[in-house]
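All residue numbers for the sequence shown refer to our numbering, where the first residue is 2 and numbers rise by one.
Some hints here could point you the wrong way.
In silico DMTMM-like cross-links for lysine to aspartate or glutamate, where the CA-CA straight-line distance does not exceed 20 Å [to be verified]: (1) K36 to E122; (2) K36 to D101; (3) K36 to E98; (4) K36 to D51.
Per label pair, the in silico range of CB-to-CB distance [stated by the list, open to error]: (5) G112 to H133: 18 to 24 Å; (6) C102 to D33: 33 to 39 Å; (7) G53 to V129: 31 to 37 Å.
Keep in mind that the hints were calculated from the coordinates and are not lab data. Glycine included, every Cβ here is placed at the ideal spot set by N, Cα and C.
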Amino acid sequence: MLRFDPFGDVAGRQAPTSQMGSGRVPRFMPMDLYKVDDHYVLTADLPGVDPGSVDVTVDNGTMTLTAHRSARSDEAVQWLSNERFSGTYRRQLSLGEGVDCSRISATYENGVLTVSIPLAERAKPRRVNVAHAGTATTIDSTTVDPG
Numbered sequence: 002m003l004r005f006d007p008f009g010d011v012a013g014r015q016a017p018t019s020q021m022g023s024g025r026v027p028r029f030m031p032m033d034l035y036k037v038d039d040h041y042v043l044t045a046d047l048p049g050v051d052p053g054s055v056d057v058t059v060d061n062g063t064m065t066l067t068a069h070r071s072a073r074s075d076e077a078v079q080w081l082s083n084e085r086f087s088g089t090y091r092r093q094l095s096l097g098e099g100v101d102c103s104r105i106s107a108t109y110e111n112g113v114l115t116v117s118i119p120l121a122e123r124a125k126p127r128r129v130n131v132a133h134a135g136t137a138t139t140i141d142s143t144t145v146d147p148g
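Let the sequences and hints guide you as you build the complete structure.
Encoded structure:
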């Protein structure tokens, strides 16, 4: 697994403005990635995002995580502090060939997105049977000693 996010969603970002309460877009989606037995587990912190906006797609070996946190729409608010970002979060990861993309699953609970990424059968460690030499083999009525 490789991480890919050179500039995030550059086209979708707005430049921050000096006014409180406007122009604040998400900058980062912190995540952990680890391997357990025959699959990888990715967890990403997405507190306060709209649960229906969480999306995980896989296309041509790239997994894209997307989520959206809505801004407060009450115009009558006088901001004293506005440090929480609103807008769309996006993160992309390149998946290796040893991943079974058809069996990827995801859950979103308590502000954490958890994605299970199973290894493909061909990528799982396996034991290879080793044939032992040392017994005589007969080829065309001739005895051959492999030793």
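Here is how each hint holds up against the structure:
1. K36 to E122: Status holds; Cα separation ~15 Å.
2. K36 to D101: holds, 14 Å
3. K36 to E98: holds, 16 Å
4. K36 to D51: violated, 28 Å
5. G112 to H133: 18 to 24 Å: About 57 Å separates the Cβ atoms of G112 and H133, which means 18 to 24 Å is violated.
6. C102 to D33: 33 to 39 Å: Hint violated: Cβ distance 21 Å, outside 33 to 39 Å.
7. G53 to V129: 31 to 37 Å: Given a distance of about 47 Å, which is not inside 31 to 37 Å, the answer is violated.
Consistency with the previously given hints fails for numbers 4, 5, 6 and 7, ordered from lowest to highest.
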